[in-house]
Amino acid sequence: MSPDHSSPGAGHAAQDRAAGHATFLGMLPFPEAAERAVGDSQLRHNLRMATRTIRHKREEVVGELDDWSALRAAGKAVKDRTLRHLDTYLERLEAAVTAAGGRVHWAADAAEANEIVTGLVRATGETDVVKVKSMATQEIELNEALAQAGIIAYETDLAELIVQLSDDLPSHILVPAIHRNRAEIREIFRDRMAAWGVAAPEGLGDDPRALAEAARVHLRERFLRSRVAISGANFAVADTGTMVVLESEGNGRMCLTLPQTLISVVGIEKVVPTWSDLEVFLQLLPRSSTGERMNPYTSTWTGVAPGDGPQEFHLVLLDNGRSDVLADEVGRQALRCIRCSACLNICPVYERTGGHAYGSVYPGPIGAILTPQLRGTASAQEASLPYASSLCGACYEVCPVAIDIPEVLVHLREEVAASPGHRAEKAAMGAAGWVLGGERRLGAAQRAASAARSVVPRRMPGPASAWTDTRDIPEIPEESFRAWWRREGAAEPAPGADPAEPGRSGGDEEGGRR
Amino acid sequence: MSGSRERVLARVRAALADVPAGEAPEDVAVPRDYAPAHDQGETTALFAERLEDYKALVHRTPPEGLAATVARALARRGAGRVAAAEDAPEDWFAQAEAEVVRDGGLDVAGLDRMDGVVTGCAVAVAETGTIVLDGGRAQGRRALTLIPDYHLCVVRGDQIVAGVPQALPRLSPARPLTWISGPSATSDIELDRVEGVHGPRTLEVVIVE
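Chains B and D supply the protein sequences, listed in that same order. If you're matching positions, the first sequence starts at 74 in the working numbering and goes up one per residue. If you're matching positions, the second sequence starts at -17 in the working numbering and goes up one per residue.
Take these hints with a grain of salt, some might be off.
[What the hints assert, rightly or not] Cβ-to-Cβ under 7 Å is the rule here; a few derived chain B residues that face chain D:
no.	residue
1	I127
2	R128
3	A147
4	V151
5	W179
6	R255
7	E257
8	R282
9	T371
Simulated from the structure, these hints should not be mistaken for laboratory data. Cβ coordinates follow ideal geometry from the N, Cα and C atoms, glycine included.
The shape of chain D in the complex, shown without the other chains:
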């Protein structure tokens, strides 16, 4: 700790002289009558549609088609060498021709030489077309999904919730989280959205139903 801690806190307390001494934070009512989700359509279809709105590439497959879908996606991308977390399931890559490099502490330059990265996710939100990574199973550390220009993400049907309020209880704030809604983009030029800036410029999602 450094700086003017006591001074700032004293000023804040002085500024709040009008707040009755007996008032607890919970005494300030917060109405929570907003919806947990918005009934905007069947969850998986909605998730796929919203991702496509962001110009992400989306595939839906039964579990037995996953390896083939991953293989086709990587081939179409021309990805010869992709990174993956150490605990990403082997069978995802069973049919892939690409070399899969497991992340055992690749340095930044090493990551920068990868043609892409393949991960799972922790939670997905249908209404907003969002994938949340928490560094858990098959996801790896944050740099893994940041430096390569292409991110292929495998989302299981049971990981998709409808609305944002349903996602937060499934996530631990103690872990570093990355919420991803489409490829990197900017609206800084005339407030017109353009996909592809510093983060992965291509996001491809495989939904396993």
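Next comes chain B alone, as it looks inside the complex:
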């Protein structure tokens, strides 16, 4: 909770609200943050409900397409082609957008992107902007930068609105307020809407329909009069210069259609080569994301169209660490991500910890590989993320562009482990290797452990305490399996060797594979 939650009365200008934003900076490393999160039973309940619903919906609509694996292979390959020739496609995109009447800007990092956008908004003379939900602008903390310049950015996606009104942080890629249930959302609307504009209606209930209606009324006036909008894009087509935004509520259409000036901040990895490549992604994304055959609204635009929509269009191409990710031949595949969030919804770790524990706008399995690569692993927070997984592989199974998240996690763990400061773990692993490597040594160690089982503490002392802070030391059995096997196993034939059970054993060894 941030300290400025008291007295949200009319005396508080929206600008004050905008200035007091929550931030991911200085977050706890994953193990500490996760321990807190799993202790929050309300959070766990909200997440379990929501992820279960979406998993089921996704499974149904993906199951409808008998060529899903072919679409997935194509999606992966299109992205790989783009990434391996990203410079070519970026230049092509720039030329096409410019030819269609748009202006292209290049931002090496967050500070530069924020500076460009701030300058563009200032040039319009406006101090209010409406925003379409965008991960890239969350990543660069654009709203905070605009607030510093006296410009208020109004989030218009329902979940982003909930997060903004409650001065909270997003916890999910698709549904940033997934950690809130309807009762909490009602409280937020009732307490906070007035400080940002139109107040919530009297007697607002917690029916999702009523809450959606309250959001409509709250934002309607603002949509109709705003003159500048900021968006991201799901895809940017290099050949034609076309931007693509998928959404559900119509807030995207409002922002992309009604204002005079549109500024889109787009990561350099969002490029796809051709218009027809969209036939793959417009099937993969909605089904993986919201579990719908198609999302309610998709808008595409190319530069400016006379008499229809914004007459000034700016595309800000954002690097901000992406070229570092691209340089890692194993980690590069993370840039294929189309931000569907299927990996979050399927992840047993995410379901229990929620998104905030990952300390980044990119939570869940994809965040665990993207954040350390975008920001580096120098700090404890980023270095802990590759370990925020059980490597069960469900994320890879559901990924519509076949990002092998476990492979990248292991790769990043190697990187973290090879860096200074991980000596204790390396020493422990080295010792384990020595013990496990020799049969006599292992037997001796097991006998010693069994003898000492009553005195083994629940927590390890010294540097090893970091390990047991988040794990229970397994109970040491009275007798090791190896000892039991020597005593019992030799007395009777093993079931697999029973000749009365054909096919259970021997087949592969004797006759080769059938």
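Guided by the hints, dock chain D onto chain B, whose structure is given.
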């Protein structure tokens, strides 16, 4: 152009040092063995069914029943004044009691006072229950179908394709496109879908066969 163009491009090129100099983008194979459509049923029936899944209202009519269907839909809605593109066919409204306001540059407030909007479309996709507007004949500019709370869309049978890959070649990326799949909706509260947020909260579709 502004910002660090050369710097970003140089970083990208440096990051791709492992890509052989002679490799062209086309050398990275893209398997295209996915289907153009999925054989999920007769196209028009499938389109109607999928629209209903999104809680859109759907009617099917032969051409001679179109004017009556439009008139009935507008009457049921209680729409006294509806907007339409300047080039929307006159005969669609032949039996309608509602006043039809042709869009000759209505301002936002003017559009907001309309009880609804009646348009055609460019393409429709059966499998996904999608209507695509491209600002072409009978469709008007994007704001026209965005601000009024009720959208009645006339779809001709020959405009419906089965799958998404069949729709893209029929569309020009140079035009601003709006792909519409049901009324506006949100899943942001407990990931449960609720129809009706900022876009038109009611979508009614008349399929002319």
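Now for the hints, and whether the structure bears them out:
1. I127: Hint holds; I127(B) Cβ to chain D Cβ min 5 Å, cut 7 Å.
2. R128: This hint is violated: R128(B) lies away from chain D, its Cβ roughly 10 Å from the closest one there, beyond 7 Å.
3. A147: A147(B) check passes; min Cβ-Cβ to chain D is 6 Å, inside 7 Å.
4. V151: Holds: closest Cβ of chain D sits about 6 Å from V151(B), inside 7 Å.
5. W179: Holds - the Cβ of W179(B) comes within 7 Å of chain D, reaching about 4 Å at its closest.
6. R255: Holds - the Cβ of R255(B) comes within 7 Å of chain D, reaching about 5 Å at its closest.
7. E257: 10 Å, violated
8. R282: It holds, given that the least Cβ distance between R282(B) and chain D is near 5 Å, below 7 Å.
9. T371: 4 Å, holds
Comparing the model with each numbered hint stated earlier shows that hints 2, 7 do not hold.
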